[in-house]
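Visitor: Residue numbers (my numbering), protein chains in the order written: chain A, 1 to 179; chain Z, 1 to 675; chain R, 1 to 335.
Some clues are possibly wrong.
[Stated by the list, open to error] Cβ-to-Cβ under 8 Å is the rule here; a few derived chain A residues that face chain Z:
1. G27
2. S37
3. R76
4. P78
Hints were generated in silico from the structure; no laboratory data involved.
Positions of the beta carbon are idealized from the N, C-alpha and C atoms, including for glycine.
Chain residues, written in single-letter form:
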Amino acid sequence: MSAPSRTLATDILEATGINPATCYQCGKCSAGCPMASESDLRPHNVMRLVVQDRREAALSEQSIWLCLTCETCSARCPNACDPARVIDAVREMSIEAEVADMPRNVAAFHRAFLEQIRTNGRLHEMGMVMEYKLRSGDLMKDVINAPGMLSRGKLSFRAERIEGVAEIKRIFEKCGVTP
Amino acid sequence: MSRIGVFICHCGENIGRTVDCEAVTEALKDHPGVAFTEDYKYMCSDPGQQLVKKAIEDNDLTGVVVAACSPHMHEKTFRRACDQAGLNKYMCEMANIREHCSWIHEDRGEATEKAVDITRTIVEKVKHNQPLESIHIPVTKRALVIGGGIAGIQAALDIADGGHEVVLVEKEASIGGHMSQLSETFPTLDCSQCILTPRMVEAYQHPNIKLHTWSEVEKVDGYIGNFTVKIRKKARSVNEDLCNGCGDCQEACPAKRIPSEFEAGLGNRTAIYVPFPQAVPNIPVLDRQNCTLFKGRRKGLAKDACGKCKEACLKDAIDYDAEDTFIEEEIGAIVVATGFQLYSIGREQPEGLKGYGEYGYGEVPDVIDGLQFERLASASGPTAGAILRPSDGKEPKTVVFVHCVGSRDSEKGISYCSKICCMYNAKHAMLYKHKVHDGRAVAFYMDIRAAGKGYDEFSRRAIEEDGAEYIRGRVSRIFRDGDVVKVWGYDTLSQEQVVIDADMVVLATAMRPQDGVRELAQKLSVSTDEHGFINEAHPKLRPVETNTAGVFVAGACQAPRDIPDAVAMASATGAKVLSLFSADELEREPAVAIVNENTCIGCMNCAKVCAYGAIEQREICTVDGHVCGHVAYVNPGVCQGCGTCQAVCLSKSVELQTFTDEQIFSEINALCYWE
Amino acid sequence: MTDVAYYPGCSLHGTSREFDESLRAVAAELGIGLTEIADWSCCGASSGHTTDHLLGVALPARNLALAEAQGFDTVLAPCAACYNRLSAARLAIATEDGLAEQMPDILGHPFANSVDVHNAVELLRDASVTIEEKVAATLAPNPLEGVKLAAYYGCLLVRPFEVCGYDDPEQPTSMDEVIDACGADDVDWDMKVECCGGAFSVSRTASVLRLGRAIIDNARSHGAEAIIVACPLCHSNLDLRQKAMAQRGEEPMPILFVTQMVGLALGLAPVDLGLGRHFVDTEPLIARLVQQAAKRVAAEKLAKEEAAAKAAARAEKQKVGVAAGTSGAEGGEAQ
Ligand SMILES: Cc1cc2nc3c(=O)[nH]c(=O)nc-3n(C[C@H](O)[C@H](O)[C@H](O)COP(=O)(O)OP(=O)(O)OC[C@H]3O[C@@H](n4cnc5c(N)ncnc54)[C@H](O)[C@@H]3O)c2cc1C
Ligand code: SF4
Ligand code: SF4
Ligand code: SF4
Ligand code: SF4
Ligand code: SF4
Ligand code: SF4
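Could you build all of it, start to finish, from the sequences and the hints given here?
Guide: In structure tokens, the structure reads:
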């Protein structure tokens, strides 16, 4: 007998323990998805692409980056398909395959966020915003109402840096992630 | 010395393809004790059987081994042939060289060797076979039917019409089951009450049917043809012989606001009540849980707080001190027809089920289930057939029907399809559109399952002629927003989110087995599936039998069923019971355990492990009649021949007559030491 | 009462420091000891697990390991996002093949995955009896008495159920119980568990505005005077983004952390609860509530006095009656 060939579905099964074939395309996930109106692919469409082994289409789809991980879909799926987790896994594969079509600002946000953690161990909002602006190219937009934040003592210019920064760097390395 | 005939079958190509049958014949020819060998293309055919018979007569055979298919297929055939040829039929055994050999191997050489081994072991076994006699057990020709829904009623009528007595036990106050609650029935839209009530009355008046309502089965002993059944008649507090059904007590009862089970909570009843006007029998029961008098007694009041019904009853039929009574019936066959219940839309769920928080756990009054809709649509219902929503009694202009609620949802505990809801949803959409012409009926479905005569046409009619809007997709959330019930769905065909402001929502909830059915099944020694439905003995070939001989199953207690299915099953059980009752005695194979009283030490270990309760303790006496000890005794009517007792008996005193230790050891020896 | 390990998370040290301030103030009142985990680090929030599953587990696990090493068996993570990440990591390590073995190497620390994770709502719900008692014992009139408040749980406190599990995922009640314990009136509304836009706060403000508006509108239409949250992300999405909504002429809706609410009921000063740090000004609301409460108390006092006076008058009359020998059954019973 020949070894079963690798498909997107078997990869997902391996990565998440979820068998995408259990999805019967009922659409309950997409019925409650808060981002459905803004995405071209809704959670049940992603499940469908996975089952059909349309790897390219799934991995390079921009919509997967619009999922908020709110878990509404997964909480209500009648078959425990956990679309939120599947989308997470597809995103990971998409980054790995270097075909991710993240909207520029979403990508910028995640990178800026992770970079902050890697260098300080904690998030420094001001630093992150600077970094985000550079990465997204959205230099002018005041994304978080910085003056308001400052006046309310919610932002500080100084970053908190933890003592175990080396440990954080080690974690990033061991997980093979470079922001 | 044995003279055994060995007959090897080719089964056309089935065995011959992989097993060299001639070689097997050759190998067995000189096996000690074998007096005759022969192979043939189809041993089970008439010429094949003739061949066996002739060989027995010609060679004076003392035993027969047919190396062919599984004994399940043809053991009976060849035993009959032996019987006809004058050889005790239990001297005939089959060696399975098809299922156990030719079908599962590819290498002809190896398969042939294995076929020889298999045949040899059986020859060795047959050397130790003893001529046995079939077991004859008497049959009590009276049937018990548990559950008085349409299935139970039909089974009872068929058996009673066949000339035998039937005891019909129903746990509610009236027979009729769920069918009595329905408005009109798919696929013909005839009025449910109109076709049911005559049957209910017929069952009640039938001279052969003894009806016990407000009763339950307490205990079942015995075995096929010989059951003893104890029935608990729950305290009705109304003397059935005196009451004439005038209803004066109901009129007088001050406790009037108890949610009526019959009206699915949409109407009220009194504490002493007849569940519905056409109830059979038309005799009330007193619901002690809700009765003012009994509430008072429970609180320890010195004086009774009520008593109005007793005052009103001119027949003096009411007895507040009535207690549960028990009756025992001798029964030959049992039909289980306990039906179903709907998946609850409320927050409280039985173990293993989660319920629908996203649909509001039924806390929104205008979210109802299918049976409630039946009551709204029913001419005899709380709204006299007008579709009015529960919250404010307004006519809903948009009604959403949601398919598969609780069904096909492994996350919420039920993976199966309830089979009937696609049909009754179509029916509901239709009935609604017939009554509210300017109304909008929207159904959210996943697949339309309408396989049945006239069924698909029926559900198409709802869409094509009555204008029901069908949207393919499951609903994500249902909640009350002011005056409307919001439904968030998705149309997977047009690929868009759909939000509907409904006035009322009907959830087609799953069909589940009745509560308490597992306990009942235990009393009957029948098995249930993971959901609690009664298991049939074989899904295709024995659909209305259970794995306990003499116990049959009909209707929605076996799986989700509609009325035609339930009635067909009921009539099938009727036929089974009548054929069982057609003889005075039952013949059974002697594949039962037997105790050697001389060696049995009376430890009764066997009785502890017997799953069928077949082993009893029996006293033994000295010649002069003094009791000097006790031994085990196997009731051959109950024993199922599983062999468990044989494995645990320390003194090697209990054995299956057809699988003695000696037989089994010779088989093993034949395998291990022959060459 | 034993101490719990306190994991503030980045937000409570930064943009939501009022959550931290009010939590500490309330915990002190309720006698709950909080010990901040030394050298804690960021849980990675959604960026962690969105980018890499293992990273999404390892970043929170470091903090669980620290708490474990510092001798705790329970971690309090008030921020719903941190709570969710910490609990999810705990569950993943317990159930997914190989993760438990990998952890010590990745973290560079031994790790037994032995600490429980709780959120602030859970903590307060479990303390609701104490809250009720303390509120009753507070001298100042309770400004929250009878005030309609909408409990907003969002996603991360209740989903996935396997991870959170302390409350019903679709119809949660824990925060409503805390609202009731404070003497306020929990609003039965529809958007308790809908998403506010979470991590898109910065990157897709338009989405966040759309979702936030639906939540605020629904709370308002059900009569809520404020929305109670237990998540910095929810708070900033609902509070900060109202600026854009206000520009369209919509009424502001104050958004309070659950701890701030409890603090108010316990009579703590708004400034100590960080109530001045919000974008939607909480002052008008609080001023109104305080006034209302004072009036109510005054009215109650008056009513009591009147009732007492009446009772005294009646007693007086009766005495006279008894003296006159016209005692009826009533008088007899009173003896
Ligand atoms: C909303 C709805 C609409 C439907 N519409 C249609 C339709 O239009 N057409 C159609 O063909 N079918 C329809 N059905 C299906 C139909 O109701 C069932 O097929 C039918 O009722 C099954 O009959 P039954 O006798 O097997 O079970 P039931 O009707 O459930 O009867 C079982 C009886 O057994 C009794 N019982 C239960 N446990 C015990 C016990 N332990 N001891 C003694 N008695 C017990 C019960 O009290 C009950 O009287 C509908 C079902 C629903 C829910
Ligand atoms: S993932 Fe689940 S909810 Fe979504 S379509 Fe598939 S089965 Fe339905
Ligand atoms: S987790 Fe993502 S896909 Fe699922 S409902 Fe939320 S936003 Fe939609
Ligand atoms: S009043 Fe008496 S006779 Fe009439 S229905 Fe009631 S119990 Fe029967
Ligand atoms: S005693 Fe009173 S409450 Fe009870 S059933 Fe009779 S009339 Fe009704
Ligand atoms: S019959 Fe139809 S509605 Fe009922 S469970 Fe099956 S598919 Fe769903
Ligand atoms: S063979 Fe099985 S059924 Fe028969 S008596 Fe022994 S244990 Fe019981």
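Visitor: Look at each hint and say if it fits the structure.
Guide: Outcome of the hint check:
1. G27: 4 Å, holds
2. S37: With a closest approach of 6 Å, the A/S37 hint holds.
3. R76: OK, holds: A/R76 within 8 Å of chain Z, min 6 Å.
4. P78: 4 Å, holds
The structure fails none of the hints (numbered hints given earlier).
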